[in-house]
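Peer 1: Chain residues, written in single-letter form:
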Amino acid sequence: MLKTLIKKEIAATVLDMRFVIATLLCVVLIPLGMYVSRKDYELRLAAYQREHQEYRQRYGNKVTSDVEAQGLRPPSILSIFASGIDPFMPDKVMTARSGLFRTVKEPIADNPHSFLFGKADFLFNVVFIVSLAALIFTFNSISGERETGTLRLMIANSIPRNQILMTKVVGNYIALLIPFIISVLIALLILDASPYVSIASSNVWPAFLVIIGLTFLFILGMVSLGICISSFTKQSTDSIVLAFFVWTTLVLAVPKVSPMIADILYPVESANVFDSN
Amino acid sequence: MFGALVGKEITETVLDLRFVIATLLCLVLIPLGMYVSRKDYERRLAGYQKEHQTYRQHHGSPAAPATGKEAAQGFRPPSILSIFASGLDPFVPDKVITSHSGFFQTVKESGIDNPESLLFGKADFLFNVTFIVSLAALLFTFNSISGEKERGTLRLMIANSIPRSKIIMSKIVGKYVVLLIPFIMSVLIALLILDASPDVSIASSNVWPAFLVILMVTLLFIFGMVSLGICISTFTAHSMASIVLLFFVWAMFLLGVPKIAPIIAEIIYPVEAGKIFSFNKRMVREDIEKEFKQVKKDTIDSKRDEELDIVDNVVIEAAKALYARVRAQGREPTREDFFENVDYMELNKKANKKHRELKARYEPQIERLFNECQRRIASELMKIEQDYRNRKNVQLSIAMNLVRISPVSSYMYIVSGLSGTGVTEPDNFVRNAQRFQDDVQQIFYDKVYYRFDIQKKVEGFNTGEPPSFPDMRYRYPNLTEALQIHWPDILLLCLFDVLFCSLAFFKFNRYDVR
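Respectively, the protein sequence lines represent chains A and B. The numbers in numbering that gives the first Met the number 0 rise by one with no breaks, and the one at position 145 of the first sequence is 144. The numbers in numbering that gives the first Met the number 0 rise by one with no breaks, and the one at position 10 of the second sequence is 9.
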């Protein structure tokens, strides 16, 4: 019975327009985001290697008392998946006789658009697109079936409620994983086409497997959240509104507001003021 | 009738859960975002003022004696309007360091105070409107038509001879008015929070005109989103289909198009990265300098050194002869033997005079060669820079035009441009930095300079009392200039509004209400 119900959920979702839309979005945005991140990594790596070579040629063998030694930060290969705070991290360290090193951040020279509109890396695509897709898939799982009358039919046929809920979670989860895995595979092909990146490298594949594992857990969480929200409401419209509110709170509001609340609760002067002092 | 229809739409939406949720989100996020942005601005302003003051106290004037290689520093003040849209502000350099070579250096302070806010992003006004308010607008409207069709009320309205155009117009106006209620309330609260800051005054002439334009453009944008939601609702027969289609369109407009368009522009018209270009510039400069140093060595230095050698050889021979004579007397020569020998000292004086004559004779040739070298460097670099800038502008223009397919991008361009944090700000920074370099060049570097590593100075310039460095006069584009750049985006927003409304009208006129 469980298998039949799961198949029914998967079939219902796959035959819906939502599946087409989610597939389209995943298959376009995730590989594209990976391509952009890969290109960006290649550019940063080339710049780092050139700067390092230049520095070595100019100062490597000619150390005088007035020369500051420079240390350069190589780009992290895994920053392809999540740029995070990498754009804000310093690129260079300059040592000093006094013992106080100085950090240098190269200002942007290229493509102001990608800084204005943000980078669509893997992390962004999962957090925004895939999570929203998970909620769109599941918001009317319970309330929608109630509206159409099929829920009461299932209950009337003595199907345990926990089985119904479980099949909904599993069915929708599998249906969402299909486009996600297809797009991740395409993205990996794009990544492996780079001469600078090898998925099989021991720096990459273990971390990548962990990232994928966590992403699967995250998607399961969002699917469960959508079904949970659906079980709180009687109408699909109310479900989508509540789902939107919860999504906005969890994805946008809480991460952005929490550092601010921490700052209010326990204020600390900024680094510049501290350095001046 | 129209008034009644609008009233019905407003009542229906206000009594819905959606209105409560949207109001809650707006009232919490917009003022909170404004508070955070205000605090951030105050911190950046304090940091700028402190750094500027420290610089003035310790490095405002070159240390005496001036060598001509000292560097002046210019600081970029934070834009007050960056409170509304942080845009590119975190990525634009904070400091300019001039150089006697003519090439200024830019510095971006790398202090990371709050890594969480960098990781999760800032919820400024621009973000809140483009994400939250736009999504709220679509949620309010997605089932305006398809939902009424499902409930059966749409066919009742049509059956009562209410013109379709009035129905659709009342929906657009009603939903728009309802969405504006929480939005305007939250903006007013946000303005109160902003005005509470000692560093910001809404009434200031730098702020309120730009703010009014931002607000007007935001109202246009929200109208566009409302029209889009209703337009999408006319394309579908079911609410579920509407929400899915809406989600797709929203994701494409907000995320897909702005992120894909620059990639397409780079593929259509590739331009090398800025670092590669800077590297090429440096190589060209070094090559020309090397070439001229070789020419100087082959043409001037060789001749001058030849003549100097002849003169020096005579002195060396005389010294050797004197040395031999003293040794022949059975003692070691001392300095006094050389200083007291009149002939030797006379020869030395003549040699020194010859040195000075040769220097004076070859000096103009060296000067001419140096000027020629500088002219050639400036000409080559100008050509390379102009070419690079033209190609970069073409690429930027392609990206901007592609990105404008999305009304969200047009809105983001306008607001970030008006806030002084838009895509043109890096170029504006470079212009200001160049102006600062030129100012310092005029006051200092042109007065004490280097010719082939030899220090020179102009008549009357005292290296023991060098002038203090000027401040960088950083200028953000004013409202008129920003509007001149972004008027196509404002026009586009209006066109999108008209387009979505027209499409909604067109589709609804053919909509099957049964």
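Simulated from the structure, these hints should not be mistaken for lab results. Incorrect hints may have been included.
Below, a list of computed lysine-lysine pairs in the BS3-like style, where the Cα atoms sit at most 27 angstroms apart [stated by the list, open to error]:
(1) A:Lys118 to B:Lys358
(2) B:Lys296 to B:Lys352
(3) A:Lys118 to B:Lys292
(4) A:Lys104 to B:Lys7
(5) A:Lys91 to B:Lys358
(6) B:Lys358 to B:Lys296
(7) B:Lys302 to B:Lys319
(8) B:Lys348 to A:Lys118
(9) A:Lys91 to B:Lys49
(10) B:Lys319 to A:Lys104
(11) B:Lys49 to A:Lys104
(12) A:Lys104 to B:Lys296
(13) B:Lys121 to A:Lys38
(14) A:Lys91 to B:Lys348
(15) B:Lys280 to A:Lys38
(16) B:Lys107 to B:Lys292
(17) A:Lys118 to B:Lys38
(18) A:Lys38 to A:Lys118
(19) A:Lys7 to A:Lys233
(20) A:Lys233 to B:Lys7
(21) B:Lys446 to A:Lys118
(22) A:Lys38 to B:Lys107
(23) B:Lys49 to B:Lys121
(24) A:Lys104 to B:Lys121
(25) B:Lys348 to B:Lys302
(26) B:Lys455 to A:Lys91
(27) B:Lys289 to B:Lys302
(28) B:Lys94 to A:Lys104
(29) B:Lys121 to A:Lys91
(30) B:Lys292 to A:Lys104
(31) B:Lys280 to A:Lys104
Here are some chain A residues the structure puts well away from chain B; computed CB gaps all over 12 angstroms [unchecked claim]:
(32) Lys2
(33) Arg17
(34) Ala45
(35) Glu67
(36) Ala95
(37) Ser113
(38) Ile180
(39) Ala192
(40) Pro205
Note that the structure is a prediction, hence the values are computed from the model and not measured. Backbone N, C-alpha and C define an ideal beta-carbon position, used for all residues, glycine too.
Peer 1: Now look at each hint and say whether the structure bears it out.
Peer 2: Verification of the supplied hints:
1. A:Lys118 to B:Lys358: Distance of about 61 angstroms is beyond 27 angstroms: violated.
2. B:Lys296 to B:Lys352: 23 angstroms, holds
3. A:Lys118 to B:Lys292: Judged against 27 angstroms, a Cα distance of about 47 angstroms means the pair is violated.
4. A:Lys104 to B:Lys7: Violated: lysine 104 (chain A) and lysine 7 (chain B) sit about 57 angstroms apart, past 27 angstroms.
5. A:Lys91 to B:Lys358: The hint is violated at about 44 angstroms.
6. B:Lys358 to B:Lys296: The given pair, whose Cα atoms are some 15 angstroms apart, holds under the 27 angstroms limit.
7. B:Lys302 to B:Lys319: The given pair, whose Cα atoms are some 25 angstroms apart, holds under the 27 angstroms limit.
8. B:Lys348 to A:Lys118: 73 angstroms, violated
9. A:Lys91 to B:Lys49: 24 angstroms, holds
10. B:Lys319 to A:Lys104: At roughly 60 angstroms apart (the allowed maximum being 27 angstroms), lysine 104 (chain A) and lysine 319 (chain B) break the hint.
11. B:Lys49 to A:Lys104: Measuring from Cα to Cα gives roughly 20 angstroms; hence the hint holds.
12. A:Lys104 to B:Lys296: 40 angstroms, violated
13. B:Lys121 to A:Lys38: Holds - the C-alpha atoms of lysine 38 (chain A) and lysine 121 (chain B) are around 26 angstroms apart, at most 27 angstroms.
14. A:Lys91 to B:Lys348: 54 angstroms, violated
15. B:Lys280 to A:Lys38: 23 angstroms, holds
16. B:Lys107 to B:Lys292: Between lysine 107 (chain B) and lysine 292 (chain B) the Cα gap is close to 35 angstroms, so the pair fails against 27 angstroms, i.e. violated.
17. A:Lys118 to B:Lys38: Measuring from Cα to Cα gives roughly 26 angstroms; hence the hint holds.
18. A:Lys38 to A:Lys118: 12 angstroms, holds
19. A:Lys7 to A:Lys233: 22 angstroms, holds
20. A:Lys233 to B:Lys7: 24 angstroms, holds
21. B:Lys446 to A:Lys118: 47 angstroms, violated
22. A:Lys38 to B:Lys107: At roughly 23 angstroms apart (the allowed maximum being 27 angstroms), lysine 107 (chain B) and lysine 38 (chain A) satisfy the hint.
23. B:Lys49 to B:Lys121: Satisfied, since the Cα-Cα distance of roughly 24 angstroms is no more than 27 angstroms.
24. A:Lys104 to B:Lys121: 20 angstroms, holds
25. B:Lys348 to B:Lys302: 22 angstroms, holds
26. B:Lys455 to A:Lys91: 35 angstroms, violated
27. B:Lys289 to B:Lys302: At roughly 19 angstroms apart (the allowed maximum being 27 angstroms), lysine 302 (chain B) and lysine 289 (chain B) satisfy the hint.
28. B:Lys94 to A:Lys104: 11 angstroms, holds
29. B:Lys121 to A:Lys91: Holds, because 26 angstroms separates the two Cα atoms, which is no more than 27 angstroms.
30. B:Lys292 to A:Lys104: 34 angstroms, violated
31. B:Lys280 to A:Lys104: 21 angstroms, holds
32. Lys2: 26 angstroms, holds
33. Arg17: 5 angstroms, violated
34. Ala45: Non-interface label on alanine 45 (chain A) violated, nearest chain B Cβ at 8 angstroms vs cutoff 12 angstroms.
35. Glu67: Holds, since 14 angstroms exceeds 12 angstroms.
36. Ala95: About 15 angstroms separates alanine 95 (chain A) from the closest Cβ of chain B, which puts it past 12 angstroms; holds.
37. Ser113: 6 angstroms, violated
38. Ile180: 20 angstroms, holds
39. Ala192: Answer for alanine 192 (chain A): holds, closest chain B Cβ roughly 15 angstroms.
40. Pro205: 23 angstroms, holds
Checked against the numbered hints above, the structure breaks hints 1, 3, 4, 5, 8, 10, 12, 14, 16, 21, 26, 30, 33, 34, 37 and satisfies the rest.
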